[in-house]
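Using the sequences provided together with the hints, build the complete structure.
Listed here are the chains, written in short residue letters.
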Amino acid sequence: AQSVSQHNHHVILSEAASLELGCNYSYGGTVNLFWYVQYPGQHLQLLLKYFSGDPLVKGIKGFEAEFIKSKFSFNLRKPSVQWSDTAEYFCAVKSLIKAAGNKLTFGGGTRVLVKP
Amino acid sequence: DSGVTQTPKHLITATGQRVTLRCSPRSGDLSVYWYQQSLDQGLQFLIHYYNGEERAKGNILERFSAQQFPDLHSELNLSSLELGDSALYFCASSPPFGGAYNEQFFGPGTRLTVL
Chain D
1 AQSVSQHNHH VILSEAASLE LGCNYSYGGT VNLFWYVQYP GQHLQLLLKY
51 FSGDPLVKGI KGFEAEFIKS KFSFNLRKPS VQWSDTAEYF CAVKSLIKAA
101 GNKLTFGGGT RVLVKP
Chain A
1001 DSGVTQTPKH LITATGQRVT LRCSPRSGDL SVYWYQQSLD QGLQFLIHYY
1051 NGEERAKGNI LERFSAQQFP DLHSELNLSS LELGDSALYF CASSPPFGGA
1101 YNEQFFGPGT RLTVL
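From first to last, the protein sequence lines stand for chains D and A. Each residue of the first sequence is one higher than the one before, starting from 1 at the first, in the working numbering. Each residue of the second sequence is one higher than the one before, starting from 1001 at the first, in the working numbering.
Mixed in with the good hints there might be a few duds.
Unchecked claim - Per label pair, the in silico range of CB-to-CB distance:
#, chain 1, residue 1, chain 2, residue 2, range
1, A, D1001, D, L56, 26 to 34 Å
2, A, L1061, D, S52, 33 to 41 Å
3, A, L1061, D, H10, 26 to 34 Å
4, D, P79, A, T1020, 26 to 34 Å
5, A, P1096, D, I68, 46 to 54 Å
6, D, L56, A, T1005, 30 to 38 Å
7, D, K71, A, E1075, 38 to 46 Å
As the list claims (entries may be wrong) - Listing some non-contacts, in silico: residues in chain D with all C-beta distances to chain A over 10 Å:
#, residue
8, N8
9, E20
10, Y25
11, S26
12, F51
13, N75
14, K94
Hints in this document: simulated from the structure, not taken from any laboratory. This one's a predicted model, so the numbers in the text were calculated from it and none came from an experiment. Yeah, the Cβ is synthetic: ideal placement off N, Cα and C, and Gly gets one too.
Written as structure tokens, this is what we have:
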């Protein structure tokens, strides 16, 4: 079955530290990849997406992610976090196989706490 | 604000009851998706409608049903509610075609509590 896994369930770090969140997926064929963020009490917001082209994608709020096809990975990075980055981060994958439909399959999420 | 609206924000009900959650997609979007977010199951896809037609089903229980109306708003009906149905229910919408069809915009969610 298709799945998405995020390696870290919880991450605690200090302001100005660098952040890297891992995401691996198991899908055959072409995929679209997404990172969403959910701030406390809020809805999911898109941070960045990869459809095709340059595997290094830049998103909002200084986030970037790298797609490594050979590793089935799409890791999220931010060089220097701020307290306001405290949130839960979700990796999501959409298979472009027609039979899979247009659904997103989400990883389990990573809760990030940034200490001031 | 994504442009996707959901009502109500919160819903508290008892086991065995039936509730209806409502979603209005962004202007111009034809697709509506429903997702359930719970502590034990995480974020799971329930169902997808496109311009009034069901397009895909995920892990949606038989007690749950959905529909999309001609004005494109959608309703998710949950019946014979159980404690385990307590969750945050998100609706998302996406543009009708092209590469942007692949991006989904999420609403604020409805938090359902079953007592």
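Hint check:
Under the hint 26 to 34 Å, the C-beta atoms of A/D1001 and D/L56, about 29 Å apart, fit the expected range. Roughly 36 Å separates the CB atoms of A/L1061 and D/S52, a value that falls within the hinted 33 to 41 Å. At roughly 30 Å, the beta-carbon separation of A/L1061 and D/H10 lies within the given 26 to 34 Å, and the hint holds. Separation of D/P79 from A/T1020 is about 46 Å and departs from the stated range, judged on CB atoms against 26 to 34 Å.
Between A/P1096 and D/I68 the CB atoms are about 32 Å apart, so this pair departs from the stated range of 46 to 54 Å. As the Cβ distance of D/L56 to A/T1005 is approximately 35 Å, the hint placing it in 30 to 38 Å holds. Between D/K71 and A/E1075 the beta carbon distance is about 41 Å. The supplied range of 38 to 46 Å therefore holds. The claim that D/N8 lies off the interface holds: its Cβ sits roughly 14 Å from the closest Cβ of chain A, which is beyond the 10 Å cut-off.
Listed as outside the interface, D/E20 is consistent with that label: its C-beta sits roughly 21 Å from the nearest C-beta of chain A, beyond the 10 Å cut-off. No Cβ of chain A comes within 10 Å of the Cβ of D/Y25; the nearest lies about 14 Å off, and the non-interface call holds. The claim that D/S26 is not at the interface with chain A holds, since no C-beta of that chain comes within 10 Å of its own (minimum 16 Å). Its closest Cβ contact with chain A, about 6 Å, brings D/F51 to no more than 10 Å, contrary to its assignment away from the interface.
The non-interface label for D/N75 is consistent with chain A: the shortest C-beta to C-beta separation is roughly 19 Å, beyond 10 Å. Interface exclusion of D/K94 from chain A breaks down, the closest Cβ pair being 6 Å apart, not more than 10 Å.
Figure legend: structure checked against the earlier numbered hints; hints not met, in rising order: 4, 5, 12 and 14.
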